[in-house]
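Hey, can you work out the whole structure from these sequences and the hints?
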Amino acid sequence: MLSPDTRSDEEGPVPVASSNPSSAVRLREILSSIKADKGAMVGFVIVAIFVIVALAEFVAQSTGFLLAPYNPIKTNVGPQYAAPSLAHLMGTDNLGRDVFSRIITATPNDLGVSFTVIIFALCIGAIVGSYAAFHGGILDEALMRVTDIFFAIPALVLAMSIALALGPGITNMTVALMIIWWPPYARLARGEALKIAHQNYIEAARLSGAGRSKIILRHVLPNISLTLLVYASLDIGTVILVYAGLSYLGLGIKPPYPDWGQMVSAYQDFMLSYPWLPFFPGLIIALGVIGFSLLGDGLKNTLTS
Amino acid sequence: MFSILGGIEIVSLTETVEVRDEDILVASHLKKYYRIRRGFNPFDRSKPKFVRAVEDVSITVPKGKTVAILGESGCGKTTLARAITLLSPPTSGHIFFNGRVIFDGEGGKFRNVNYKELYRDLQMVFQDPDSSLDPRLKVKDIIAEPCKGLLDIEKEAIDAIVMESLKAVGLSQEHAYRLPTHLSGGQKQRVAIARAIAPQPRLVILDEPTSALDASVQAQILNLLLSLQTNYNLTYILITHNISVAEYLSDFLVVMYAGSVVEQGPTASVIANPRHPYTKTLIASAPIPNPLKRTLLTTEIIGEVPSVINPPSGCKFNPRCSYAEQICREKIPELREISPGQFAACHLAEKIP
Amino acid sequence: MQKEDENLILEEEFDRSVSPTSSPSQSKENELLRISNLSIVYESKHANLLALDNIDLEIGQNRLIAVVGESGCGKSTLALSIIGLLAMPPAKIMNGKIEYKSINLTALKEKDRRKFRGTEIAMIFQEPLTSLNPVYKVGDQIAEAIAVREERKNDRSMDLESEVMQRTYKVNAPDMPSRLPRFKPGGLTKLLRDEVLQVLKQVRIADAEQVIDRYPFELSGGMRQRVMIAMALAQKPALLIADEPTTALDVTTQAQVLRLMKELIDEVNTSILLITHDLAVASQVADRVIVMYAGDIVEDSDVYDLFREPLHPYSKGLLSCIPVGSKDKAKLKPIPGSVPDLSKPFVGCKYASRCPFAMEICSKRSPRLVEARPNHRVACFLYSGESR
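Chains as they are written, first to last, in our numbering: chain X, 28 to 332; chain B, 17 to 369; chain G, 560 to 947.
No lab work stands behind these hints: they were computed from the structure.
Just so you know, these numbers come straight off a predicted model, no measurement behind them.
Possibly wrong hints are sitting among the right ones.
Claimed, not checked - Some, not all, of what chain B presents toward chain G, calculated at C-beta under 8 Å:
| # | residue |
| --- | --- |
| 1 | 301 |
| 2 | 304 |
| 3 | 320 |
| 4 | 324 |
As the list claims (entries may be wrong) - As a list, the in silico BS3-like pairs of lysine-lysine whose alpha-carbon atoms are at most 27 Å apart:
| # | chain 1 | residue 1 | chain 2 | residue 2 |
| --- | --- | --- | --- | --- |
| 5 | X | 327 | G | 604 |
| 6 | B | 296 | B | 347 |
| 7 | X | 327 | B | 154 |
| 8 | G | 892 | B | 81 |
| 9 | G | 888 | B | 81 |
Note that CB positions come from ideal geometry on N, CA and C, so glycine has one too.
Okay, structure coming up:
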């Protein structure tokens, strides 16, 4: 027995928010509410800077064009251990390389890994989770146990073991992260899919001749995407951190190519004598995580209000 | 093989069911049991328990008419509807629809059912307007979905059908581009009805179509359903707990209690002269807008709907029945004909006032 | 079921003196609640919604008053404002007052207002499952309600309103310790077991002994609603507000609960304000019916008078929406159109756009609630020229 409805019928008062939202209008709404939220705005700016730099640097690297002020690999472009100055914004390291250039060059890698992992986890997780929810039975149980295994072992340890098995390098690292990152998304997708599995519109879809796959594609995935996206936006920061940790441990991209985590590891001995060296890579990692987290939080507030 | 009355006899593996020409749906001895999952205790030797949601129900639906299935929560009416549409197929029984047998037998041994063909002629309108429309799809896509899935026609034809269905339910072109969140409850229900009639079905099951709506909106929807029935030559199965709505819309009434049919017959006769104590209780509890006839206050109603796992022995209504006698506690009454066309499952049907 | 052309005209001879509220307006002593000129607005950055527009209403003792209206008419706002549970932003009282036993509730601060909530004025809601705490046993929850009453009774820090409350408390309670074992599950129930059982029996729960130890999810909807009523009545309120208490229940359970509520009025000496969308339910249990539309009271009358002669076109329309009899005999006449947008300032009678009797004045001015027949008020220009 249900309660009476919220309003009477026919050309009744339509809610004040746009009566006919196209995607463009929704986007504008989302952007304006992000602007209103100061935290999210900060996050947005930070992320925007990161993304722009990553894209620009990626294009530059592919075309052989040097975007950074100095060549990041060539040694002795400046004096060794120079403190930050106008010439070298973040100082130089023990081999005379410009830290700022190294950081910029490393940006597309770090960001690229994170985005790849998250997107993979989202897609695979959503599909596997939805199928498990709608199939039930053995598939569902198997998925639950597999994800349990992944939950039982700490992410970092798991990634390390896979990376060690595969060997170092950025591709192997990314693959290792992809393997361990999707189970929580599958779990989340399964939960969300179960929530809507009994909605009448799913049954109506069955009455429209739709098979399981069509229902998942047409009705389930669009309706669970919001929750998954919110979760993902908060998760990107975590991937950045985990990848930085792994490359700190030496499992990432091999020197002399720059990589934030690896830079922290290489410069940590100079913490007391030349503190700017480990400071800046660490700062960039932290900024990345904070920026994405703030933006993710802001998105969460907007999209779930 | 033809029976004396001119219908067709369907001879199945287990029994013979008689179907007349004028019936569009005949469901016979439908049962739907849910097994209760037990833990892994290896020492648990008790027999598996079942929830007997639908217990031996038979229904006949004549073409062009409305059959109302009336009952309260837990009586099995929604389960019955989902069993008939094969969304949640029965445990056993037979279903004959639109000229062919669509379900026959025990636990999953179906006759070859072509679901696309079936749902072209059999559709359903759900109870809750909020959950029956996909919140991410526009109205026109919602209505187009059954057409795309069930009919093999081109896009332009589908668009035409969508527009026509919208018009038929009293909505305008402008509504086609809205999302469900920007519609009122009545409008949403109209969309749900439009979706159901778009593939031009022959039988539509209405599951509490107006329970969630205000009185004035309910009146509009009820009248809409009536006019659609005439214009599109539809047959309705109406599931409801509201006896006033059942009386208004239906030609035949089937009263269910705790999974079984307790009374059935032409609506007017059943309401004027109920032969089962539960039907009498239902009628007395239904609020009528007449303060001089406060049957609601004067009728003694005791107890509540029984457990479906451990129903009372004998007649399931006996603990609450003021006429109950010893035989009611011992023997389950059969549904028998009390007067022409009217059936009741009560040992004392002739004796009660 | 009777089916008539207008199911409004009652066939039987009706003796006016039979009606309990047919006597002219009650004297001040019998009056429990008086609302004068109350207007409540919901403010938001998009728009201001006028939920209640200058409402006047009175409730006497030992009466069941039904407020009937469809979604959005303001009946829930009215209920919440009486008991003081309205979220004050975004809601705001523009003008008017709510007087309970001559005390102006709207002028009170929250800490004083709280003294009335639950003790003098209690409320039960539509969905009993969410009104009961799922992690405590039913017995504990009722015991807590009783304990609160006792604590308040013994609280010496109350000021002048306490006189009013002590005047109405009639209970003989056992000796209560000043600090009750509130947070120990089961502790209260041990102390107050007899009282809890008594309260449960009062709401006609047969196996009260077992129900005390049950959790809310173990009970059926009807039982839960009775427990809600028991908890509300445990504090012996003078006014019980019931917001759609039976909408979520089966029709037979609804009949039982309504019957219980009607009987409790005299047993417990309380009045009930029943909020419902179902005019038929109102006809079956109410002494007086108030019909609301879009934030206005459009008709306020004795129940028998209303059904014999509904004055306001909306009341008539609402009655003709109720299906009575089969489709062949009496086709339903739905009300065309829809409720106006309450966020925009409105000129004229809010029902005018849907009213078959609308006159020119109806779109210009808004009618006042006047007594068109003895003890039967209506806000419509068909019956009076008075406007607001």
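Against the structure, the hints:
At its closest, the beta carbon of residue 301 of chain B sits 4 Å from a beta carbon of chain G; the interface hint therefore holds under the 8 Å criterion. A distance limit of 8 Å between C-beta atoms decides the matter here; for residue 304 of chain B the minimum to chain G is near 6 Å, and the interface restraint holds. The restraint placing residue 320 of chain B at the interface with chain G holds, with a minimum CB-CB distance near 5 Å, inside the 8 Å limit. The closest approach between the C-beta of residue 324 of chain B and any C-beta of chain G is roughly 12 Å, which is over the 8 Å cut-off, so the hint fails.
Only pairs whose Cα atoms come within 27 Å are accepted, and residue 327 of chain X paired with residue 604 of chain G is accepted, the gap being roughly 21 Å. Distance restraint check for residue 296 of chain B and residue 347 of chain B: the Cα-Cα separation of roughly 21 Å lies within the 27 Å cut-off, and the hinted pair is therefore satisfied. Under the criterion of a C-alpha separation no larger than 27 Å, the hint pairing residue 327 of chain X with residue 154 of chain B is consistent with the structure, at around 24 Å. Restraint check for residue 892 of chain G and residue 81 of chain B: the C-alpha separation of about 22 Å stays at or below 27 Å, so the hint holds.
Annotation: proposed proximity of residue 888 of chain G to residue 81 of chain B holds, straight-line Cα distance about 16 Å (limit 27 Å).
Of the numbered hints given earlier, the model fails hint 4 alone.
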